[in-house]
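2 protein chains.
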Amino acid sequence: MTRLTLAIDAMGGDFGPCVTVPASLQALAANSQLHLLLVGDPDAISTSLAKADSAICARLQIIAAESVIASDVRPSQAIRNSRGSSMRIALEMVKEGKAEACISAGNTGALMGLAKLLLKPLDGIERPALMTVLPNQQQGRTVVLDLGANVDSDSTMLVQFAVMGAVMAEDLLAIANPRVALLNIGQEESKGLNTIRHAAETLRGLADINYIGYVEGNDLLTGKTDVLVCDGFVGNVTLKTMEGVVRMFLSLLKSEGGGGKRAWWMKMLGRWLQKRLSRRFVHLNPDQYNGACLLGLRGTVIKSHGAANQRAFTVAIQQAEQAVQRQVSERIALRLEAVLPKSD
Amino acid sequence: MTRLTLAIDAMGGDFGPCVTVPASLQALAANSQLHLLLVGDPDAISTSLAKADSAICARLQIIAAESVIASDVRPSQAIRNSRGSSMRIALEMVKEGKAEACISAGNTGALMGLAKLLLKPLDGIERPALMTVLPNQQQGRTVVLDLGANVDSDSTMLVQFAVMGAVMAEDLLAIANPRVALLNIGQEESKGLNTIRHAAETLRGLADINYIGYVEGNDLLTGKTDVLVCDGFVGNVTLKTMEGVVRMFLSLLKSEGGGGKRAWWMKMLGRWLQKRLSRRFVHLNPDQYNGACLLGLRGTVIKSHGAANQRAFTVAIQQAEQAVQRQVSERIALRLEAVLPKSD
Numbered sequence: 000m001t002r003l004t005l006a007i008d009a010m011g012g013d014f015g016p017c018v019t020v021p022a023s024l025q026a027l028a029a030n031s032q033l034h035l036l037l038v039g040d041p042d043a044i045s046t047s048l049a050k051a052d053s054a055i056c057a058r059l060q061i062i063a064a065e066s067v068i069a070s071d072v073r074p075s076q077a078i079r080n081s082r083g084s085s086m087r088i089a090l091e092m093v094k095e096g097k098a099e100a101c102i103s104a105g106n107t108g109a110l111m112g113l114a115k116l117l118l119k120p121l122d123g124i125e126r127p128a129l130m131t132v133l134p135n136q137q138q139g140r141t142v143v144l145d146l147g148a149n150v151d152s153d154s155t156m157l158v159q160f161a162v163m164g165a166v167m168a169e170d171l172l173a174i175a176n177p178r179v180a181l182l183n184i185g186q187e188e189s190k191g192l193n194t195i196r197h198a199a200e201t202l203r204g205l206a207d208i209n210y211i212g213y214v215e216g217n218d219l220l221t222g223k224t225d226v227l228v229c230d231g232f233v234g235n236v237t238l239k240t241m242e243g244v245v246r247m248f249l250s251l252l253k254s255e256g257g258g259g260k261r262a263w264w265m266k267m268l269g270r271w272l273q274k275r276l277s278r279r280f281v282h283l284n285p286d287q288y289n290g291a292c293l294l295g296l297r298g299t300v301i302k303s304h305g306a307a308n309q310r311a312f313t314v315a316i317q318q319a320e321q322a323v324q325r326q327v328s329e330r331i332a333l334r335l336e337a338v339l340p341k342s343d
Numbered sequence: 000m001t002r003l004t005l006a007i008d009a010m011g012g013d014f015g016p017c018v019t020v021p022a023s024l025q026a027l028a029a030n031s032q033l034h035l036l037l038v039g040d041p042d043a044i045s046t047s048l049a050k051a052d053s054a055i056c057a058r059l060q061i062i063a064a065e066s067v068i069a070s071d072v073r074p075s076q077a078i079r080n081s082r083g084s085s086m087r088i089a090l091e092m093v094k095e096g097k098a099e100a101c102i103s104a105g106n107t108g109a110l111m112g113l114a115k116l117l118l119k120p121l122d123g124i125e126r127p128a129l130m131t132v133l134p135n136q137q138q139g140r141t142v143v144l145d146l147g148a149n150v151d152s153d154s155t156m157l158v159q160f161a162v163m164g165a166v167m168a169e170d171l172l173a174i175a176n177p178r179v180a181l182l183n184i185g186q187e188e189s190k191g192l193n194t195i196r197h198a199a200e201t202l203r204g205l206a207d208i209n210y211i212g213y214v215e216g217n218d219l220l221t222g223k224t225d226v227l228v229c230d231g232f233v234g235n236v237t238l239k240t241m242e243g244v245v246r247m248f249l250s251l252l253k254s255e256g257g258g259g260k261r262a263w264w265m266k267m268l269g270r271w272l273q274k275r276l277s278r279r280f281v282h283l284n285p286d287q288y289n290g291a292c293l294l295g296l297r298g299t300v301i302k303s304h305g306a307a308n309q310r311a312f313t314v315a316i317q318q319a320e321q322a323v324q325r326q327v328s329e330r331i332a333l334r335l336e337a338v339l340p341k342s343d
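Quick note, the sequences are listed as chains A and B, same order. Per numbering that gives the first Met the number 0, residue 0 is the first one in the first sequence, and the count goes up by one each step. Per numbering that gives the first Met the number 0, residue 0 is the first one in the second sequence, and the count goes up by one each step.
Hints should not be assumed to be uniformly reliable.
Computed list of chain A residues with no C-beta within reach of chain B, every gap over 12 Å [said to hold, decoys possible]:
#, residue
1, P21
2, R73
3, T107
4, Q324
5, Q326
Residues from chain B that face chain A, not an exhaustive set, calculated with beta carbons under 8 Å [what the hints assert, rightly or not]:
#, residue
6, Q136
7, D151
8, D153
9, L182
10, G191
11, Y213
12, N217
13, L220
14, V233
15, N235
Keep in mind that the hints were calculated from the coordinates and are not lab data. Each residue gets a CB set at the ideal place from its N, CA and C atoms; glycine is no exception.
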């Protein structure tokens, strides 16, 4: 592996440098070829670096930024006032070729808008989409998009998402001729919103896409499809619903091993079983797949959960490493021209 | 309790009389005041009744229907050709006062359209909504609507759903001043679709509604709100996603107790633990709360899952019994006038 430089928006997310800096150190420790540019308030970043290993710090550079984009500000307003912000400077590092990808846990709408403004969409793409890869019950993985880069999507956008998702499944997951489905409220052709039905019509006509029809919410984790396409609102709500249910189960399992008035051997047994089961379910823990890839740009941008903890933010950095190594952006660009109908 | 008569669309759902008839017998056995009208093909119903107890059958009447509305037909077409169908006749029983409620596992769109046509919406309601009550982590329950009666909803409809949901939480769950929230992709006021933001504005102005703002998908089961309002597309996908994840966990737990090459004591232990955990999670099993109530009509209509098994369809019948006993439809009608703004 060759040297790799990534830019981190160190101020983004609910916890800022308290999470992003330890996560950066963890990612650096795990990959000796990795270099990181930490963009943000130098004082805050330095405080979090105080006890860090000096050999690891040698592969880390602080880039000063004057401001932070708040998570509750409207994207349009955030973009207008973005000069000097940690998120914008991190993206500029990518634009200027100083970093190969950027990772931020900040305001999703602002990241989407700024990334589009600075890095530009690929030819044939109107709006980028947020994509993640979920584990499924068939021991495989499913590409899901859009997870909220866009609030609203028309049928043309859904078709573009489908094409990008298919490329990801082929190139990232090595699935030949991946199955592509649209998320809908029924499997019959007549079901759902007009935009979805129109997208289905177009997808059926694309020879390069293995379109298999509609799937419903209960098939999110069953492995019925390799690529699942939906608009950003539905994708965001669906993913968060899934995460909420998984977290509830994991916490119920955890409490199963706990105290109470049980005999010592019951407690031991409980803890042993809790560990066993947690191992079986650990791949479903949302922290394990944090980091959604903003697809469709001339550059690699990874969006982390705002509430990500250290482990989860480290996973997001590693997603960026992978995306760069697999040349995700370049591969999508190459395939788009071949797959998308010329009339679009 | 006084005598109660319900009409069952015996032909609806994926399994028709094979599920609806045994479930009807189970519901009759559980409630000696219950009488059922089974609407459908007399031969098919009689076959499923062959071994039934004659005392129970005395409280059951078969009403002949010539046809069945298929689950994959467009609602508009289904309604045009609905005369003589089991779903329509079951609804007519309610309209004519021969039954106090109707239960169907058939085509959702057709049920919604026919119910609106035959039973008429309450004053102040444009379109009925499908509602269910989910268990939450606070040992409480949450009213969720719309679950797919409408594919698309404008802000006025969302406000009406919120009012109906609040009435349900107060009257059915006995929650004083229930918290009402809109499902969105962020908690900040600026987030989400225009329709949701407009509905939020109206809800903030309604003195009778305890509107608490937006909640996200991960809060579906946390008990953060007593009433959760969303459009039918999002509600349907969200509920099905939740159900898919819960079923996956329950099946993983089940397999934990299974065979393999483990020692006998490991298998025993596994089965013991699986039972213990299943008991803890059983209230989350989707079969436990099957039966969504179609709110906003001059009559009680319960929609069962199309794929419901006998136990789940029995639960749907019991939902209808409750809705009638609690006078859900009448209570909503009484409250709507007081709560909804006159200008609407």
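Hints, verified against the model:
For P21/A, the requirement that its beta carbon stay farther than 12 Å from each beta carbon of chain B is met, with the minimum near 24 Å. Non-interface status of R73/A relative to chain B is broken: a Cβ of that chain comes within 12 Å, the nearest being about 5 Å off. The beta carbon of T107/A sits about 8 Å from the closest Cβ of chain B, which is not more than 12 Å, so the claim that it is off the interface is violated. Annotated as non-interface, Q324/A keeps its C-beta farther than 12 Å from every C-beta of chain B; the closest such distance is 31 Å.
For Q326/A, the non-interface assignment is confirmed: its Cβ lies about 30 Å from the closest Cβ of chain B, beyond the 12 Å cut-off. The restraint placing Q136/B at the interface with chain A holds, with a minimum CB-CB distance near 6 Å, inside the 8 Å limit. Residue-level restraint check for D151/B holds (minimum Cβ-Cβ distance to chain A is 7 Å; threshold 8 Å). Taken as an interface hint, D153/B does not check out: its beta carbon lies about 14 Å from the nearest beta carbon of chain A, beyond 8 Å.
A least Cβ separation of about 6 Å between L182/B and chain A falls short of the 8 Å threshold, and the interface hint therefore holds. At about 6 Å, the closest approach between the beta carbon of G191/B and any beta carbon in chain A falls short of 8 Å, and the interface hint on this residue holds. The beta carbon of Y213/B is not positioned within 8 Å of any beta carbon in chain A (closest approach about 11 Å), and the interface hint is therefore violated. Annotation: N217/B was flagged as interfacial toward chain A, and the flag holds, the nearest CB pair being 3 Å apart, inside 8 Å.
Using the Cβ-Cβ criterion of 8 Å, the hint placing L220/B at the interface with chain A is satisfied: the shortest such distance is roughly 6 Å. Taking 8 Å as the C-beta cut-off, the interface hint given for V233/B holds, the closest approach to chain A being about 6 Å. Contact between N235/B and chain A, as hinted, is supported at the beta carbon level, the nearest pair being about 4 Å apart and thus within 8 Å.
When held up to the earlier numbered hints, the structure conflicts with 2, 3, 8 and 11 and fits the remainder.
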